[in-house]
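Visitor: Sequence:
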Amino acid sequence: MAVKSNIVYFVADQLRADALAHLGNQASITPNLDQLSQEGISFSHAYCQNPVCVPSRISFLSGLYPHTTGHRTIHYLQNEGEPNILRTMKNNGYEVIWIGRNDVIPGNRTKEEFCDRYYRPFGSGDSKDIKGGEFIALQDMMKKNKKESQLKPDEPGYYSFYVGKVDLDDVNDKTVFAKYDWSCIEQALAYIEEKSKEKNHKPFFLYITLMYPHPEYMCEEPWFSSIDRKKVAKRRPSAITLEGKPSMLKEIAKKQNLSNWGEENFQEMRATYLAMVSRFDHHYGMVRDKLKECNLYDDTNIFVFSDHGDYTGDYDIAEKVQNCFDDPVVNVPLLIKPAKQYHVIPRVSNALVELVDITATIEEISGIQTEYVNFGKSLVHLFDKEEQHREAVFSEGGRIHGETWAMELGHGPSSQYWPRLSSQASEGPEHTKAIMCRMDKWKYVYRLYENDELYDLENDPQELNNLIMHSEYQEIIKNMKLKILDWMVETGDIVPDRKDIR
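Going by my numbering, 103 is the number at position 103 of the sequence shown; the sequence numbering is gapless.
In case anyone wonders, no lab produced these hints; they're calculated from the structure.
Honestly, I wouldn't trust all of these hints.
[Claimed, not checked] In silico lysine-lysine, DSSO-like type, Cα no more than 27 Å apart, as pairs:
(1) K4 / K199
(2) K340 / K199
(3) K290 / K202
(4) K152 / K254
(5) K254 / K234
(6) K292 / K202
(7) K433 / K481
(8) K377 / K483
Computed from a predicted model, the values in this text were never measured in an experiment.
Construct the entire structure; sequences and hints are all you get.
Guide: Right, here's the structure in full:
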């Protein structure tokens, strides 16, 4: 059995892979994650299994695909008894500490079966041992100090999610959001310090799941001004002008009404997003430094990744989409620094990997087997050699007609989410079920209620030219459809490992 070294998950919300400097972003400032890529492995072709929070998080914490257990909406969280790696590790001798975002366990259930301690700044009614009273008070204050938009819903920019520079000394709904991660990091550092003073402590699993760089797009100094606006990459063209893009993208682009917002505003949005990414990088650096200070770094396996990405103005769209699979929303960072007993060749790896693979990797490095079948493939074999990992990777989303409970209703035009959520309520093709398959340079998207998509990512990295109707690619399309069929048959369900009384 492998030595039970410590584990840290350091998870971003809505961080796209191309926002990191070592993955090619000329405007990005991410020195700590860049250094991590020189000590471990950074996977440039890591894909999440769903482009929104809840389905993706349930997937990477279980090692199952969203369709396996029907998690395709933010309003359907894990049922009792569903697989979860946190529970598995807790039941097998790890002290599990959960700090930050949830989006996995329903709010009316305790987290005690999944962790020894839980800390969430916004509302701490189900926290155990660690309390978040300061943020409860701040939430009450922010309701009285809500900063309303100066724009109206029919004006360009209203649905941009852009705020810009914030001052954390102010108390309002924006600054409470911006303070969230600071509170989480404070608790993480305190826990690491606590562990360093314990003799013969249990191995720990520290699950730190932060808010940044999730919109609204806002950041404080010094990060806000640190990004050179002149280096910010140009946006992908509007979905409205591109033939072959999905109806959901086009509909959201129309409703968000950002086509006439102006490039300077988009540049500020994208620069602010990169500032948020830089602050996330800084927070990782604080945790790393504390682990080193407490002589725990070498014995700790570190995983840094994100639940999904963000359009950040690409295709004239802010935020994310539930059933579209362009790289800005499904290609996410994944960096791994193994504990010292593993030989690793530091590098950026081009292997195709999925977030479900993290669960299988944890199984191998901990020597603990999950009590259920999961569909991840351990990444340990890639630590010291570059070779193929997966022939294909997948992501999925959407719904069938009539699934009103999967529409995520309840937001009117005053909500910044209205363009997306109102489009999800359509019974046209917009919110169709869809599955993405990437193999080598090809990305194919099967869309149930409208034309499919095919992109040559080598020659068309911005996914502008849908080749689905070109006759010369029909054999490629056929093979990728068969790959999806094989995947669906293999992963369509899991049989519980028990015998019920008949």
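Visitor: Against the structure shown, which of the earlier numbered hints fail to hold, in ascending order?
Guide: none
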